[in-house]
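Colleague: Sequence:
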Amino acid sequence: MKEYAMDEIRNVAVMVHGKCGKTTLAEAMLFNAGTIDRMGKTADGNTVCDYDSEEIKRQFSIQTSIAPVEWKGMKYNILDTPGFFDFVGDVKEGVRAADSALIVLSGRSGVSVGTEQVFSYAKQRGLPTMFFVNKIDDTRASYEKTLEQMKEVFGKSITPFVYPIREGDEFKGFVDIIDMTARRYEGKDRVDIPVPDGMAETVAPLREMIMEAVAETDEELMVKYFNGEEFTFDEIKKAIRKGVKEGSIFPVYCGSGQDNIGVRSLMDGIGKYLPAPSEITEMAYTASSGEPVEVVQSETELTSAIVFKTIVDPFVGKMSMFRVYSGDVKSDSTLYNPNRGTQERIGKVFMLSGKKQIEAKQIKAGDIGVVSKLDKTKTGDTLCDTGKDIILTGIEFPAPVLTMAVKPKAKGDEEKIISGLTKLTDEDPTFSITNNTETKQMLINGLGEQHIDVITSKLASKYGVNVILEEPIVPYRETIRGKAKAEGKHKKQSGGHGQYGHVIIEFEPGLTEELTFEEKVFGGSVPKNYFPAVEKGLRECCEHGVLAGYPVVNVKATLLDGSYHPVDSSEMAFKTAAALAFKSGMQQANPVLLEPIGYLKVYIPESIMGDIIGDINKRRGQIMGMGESDKPGLNMVEAEVPMSEMFKYATDLRSMSRGRGIFSYEFSRYEPAPQQIAEKVIAASKSAE
Numbered sequence: 000m001k002e003y004a005m006d007e008i009r010n011v012a013v014m015v016h017g018k019c020g021k022t023t024l025a026e027a028m029l030f031n032a033g034t035i036d037r038m039g040k041t042a043d044g045n046t047v048c049d050y051d052s053e054e055i056k057r058q059f060s061i062q063t064s065i066a067p068v069e070w071k072g073m074k075y076n077i078l079d080t081p082g083f084f085d086f087v088g089d090v091k092e093g094v095r096a097a098d099s100a101l102i103v104l105s106g107r108s109g110v111s112v113g114t115e116q117v118f119s120y121a122k123q124r125g126l127p128t129m130f131f132v133n134k135i136d137d138t139r140a141s142y143e144k145t146l147e148q149m150k151e152v153f154g155k156s157i158t159p160f161v162y163p164i165r166e167g168d169e170f171k172g173f174v175d176i177i178d179m180t181a182r183r184y185e186g187k188d189r190v191d192i193p194v195p196d197g198m199a200e201t202v203a204p205l206r207e208m209i210m211e212a213v214a215e216t217d218e219e220l221m222v223k224y225f226n227g228e229e230f231t232f233d234e235i236k237k238a239i240r241k242g243v244k245e246g247s248i249f250p251v252y253c254g255s256g257q258d259n260i261g262v263r264s265l266m267d268g269i270g271k272y273l274p275a276p277s278e279i280t281e282m283a284y285t286a287s288s289g290e291p292v293e294v295v296q297s298e299t300e301l302t303s304a305i306v307f308k309t310i311v312d313p314f315v316g317k318m319s320m321f322r323v324y325s326g327d328v329k330s331d332s333t334l335y336n337p338n339r340g341t342q343e344r345i346g347k348v349f350m351l352s353g354k355k356q357i358e359a360k361q362i363k364a365g366d367i368g369v370v371s372k373l374d375k376t377k378t379g380d381t382l383c384d385t386g387k388d389i390i391l392t393g394i395e396f397p398a399p400v401l402t403m404a405v406k407p408k409a410k411g412d413e414e415k416i417i418s419g420l421t422k423l424t425d426e427d428p429t430f431s432i433t434n435n436t437e438t439k440q441m442l443i444n445g446l447g448e449q450h451i452d453v454i455t456s457k458l459a460s461k462y463g464v465n466v467i468l469e470e471p472i473v474p475y476r477e478t479i480r481g482k483a484k485a486e487g488k489h490k491k492q493s494g495g496h497g498q499y500g501h502v503i504i505e506f507e508p509g510l511t512e513e514l515t516f517e518e519k520v521f522g523g524s525v526p527k528n529y530f531p532a533v534e535k536g537l538r539e540c541c542e543h544g545v546l547a548g549y550p551v552v553n554v555k556a557t558l559l560d561g562s563y564h565p566v567d568s569s570e571m572a573f574k575t576a577a578a579l580a581f582k583s584g585m586q587q588a589n590p591v592l593l594e595p596i597g598y599l600k601v602y603i604p605e606s607i608m609g610d611i612i613g614d615i616n617k618r619r620g621q622i623m624g625m626g627e628s629d630k631p632g633l634n635m636v637e638a639e640v641p642m643s644e645m646f647k648y649a650t651d652l653r654s655m656s657r658g659r660g661i662f663s664y665e666f667s668r669y670e671p672a673p674q675q676i677a678e679k680v681i682a683a684s685k686s687a688e
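Here numbering that gives the first Met the number 0 is used: position 100 in the sequence shown is 99, and no number is missing along the way.
One or more of the hints may lead you astray.
[To be verified] In silico DMTMM-like pairs for lysine to aspartate or glutamate, Cα to Cα no more than 25 Å straight-line: (1) 439 / 539; (2) 484 / 570; (3) 187 / 166; (4) 155 / 53; (5) 630 / 614; (6) 647 / 452; (7) 491 / 539.
Worth flagging that the hints you see were computed from the coordinates, not collected in a lab. These numbers come from a predicted model, not from an experiment.
Modelling step: build the complete structure from the supplied sequences, incorporating the hints.
Modeller: Structure below.
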């Protein structure tokens, strides 16, 4: 593959809600460019972009992949991103490397929640955006209805550049509204034809809308428009490019990726109207002072690049995908990572086409490449020449919202699980692993059930470790409400020295979470040198309460009296006596089970607020407040909800809100569990013994 200048490159993130034909569209682009001889199918598992074994098995994208397309003297780096919410981390990675966005939606299903979501990601990044209404050949598809929905959701910037030609229910081609020509498809052949009778009147208002948008980009064009003068094609093209870059024009194309109809016109539009890397302002901040600074995107500047994605392969090792913003990244060179404060040795650099590696001497500014076996560099890190002194803006990943416990199917695989999952976190920063020492569970924290399922499936296929997923154990606590005095006596004679320890301890609610220990012994009935043994015995007992074996909190224990034997008493005997007193005293002092309560913030459309509040009430939650939020189009509900009711909330909220809802949940405090809940927990604990 030849080298291209910055002005000849387009870095386009192709985004979609799942099952709209995004990967098939990428196949059609590759086929039109001559990169592949025949188009693969997602169902057959032979597409360029969905090459991972998990993607082939599931028949949808789970990671961002790159498909370079050479088209009419230009190079398009097509960043094929996943379409399902659980893999939004990869979408964020693709968006970070792109200069523009192509959002694909189905002409049958129209604007979905996922379409709105990916548009918001493009908007946050400030990416010029183009749309492609796919599957327009479906008899149930409606281009007109889809356009209406798009204008309602995305505003007046929605600008159709083509209009479909139908004969009966069949999609035969389209009218190019810019140059007012028509293209008809007969099988694989495309022929230019005059605009069909009657269609000129249909598309005239649409063309007028484009001309109005063109006029609004420049004062001179506005004057020309009001004077009724025709724009030249060069004026139209230049104005559209400006409008697309500024976000006042969102071009809309249509067609069928599967039948390769309308795709070539879309590809022409990408080159004509989407910006080159040199036209995009990229901000960074200085590594030394943290001051914001604009990056000059040029091949002659010192090198700066960002690693936007990491792929971990058990055989090849770690591969880091990077986007170059200035200078170039050469094979067999050294670059500095200011995020880690370390030098990185750059081996051979490649371009990627799906999983295929294309060796290159260098990756120049504006282009995308990959390098293997970087030592310290992680996703979101900057690589640059030592004198560059900048750190490029990283990637803000969503926090995990679902936690599952994981354990090995085979005994002794715990270390393999940790090793495999740690390597997978390099590849996917949106999940994390924690080891809960209290419940003795290893926890995977991810973005949804499907996300965690993919992680465990990769763990099996890549690292040979099969695991079982379980709901995490709720970290309950135990305490007392009453006051009780208990005696503990440990006396044992077995020849020689015996064992003797005797204590009387008063138990009552304490003011601190940890055990509060005091002594009020008079007359030396328990020698002072045994006080630490008594306290130690009580603290050890607090690790396992008398109700269900959970840690005991907020208890005060006062040593009042006891007795000792000058020969048989020992620290161990008094520890044992203290344990006997603890068990007896706790049972007498009205023990209760405490459950963890967390603070929930849910952001949802106002239309479903009633459903969300009802669901929170079913989860034994207490509404604390509601109203508008700082997130556009979403209202906020605040509530306190028991942790035991929240494990599947991410999945349930996604279902109730059709993907629009987001939430945060943080531990707040412990409260006594309702009797029926406590009885279930205690019964489950006893049955597990």
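Colleague: For this structure, which hints from the list above don't hold up?
Modeller: 4
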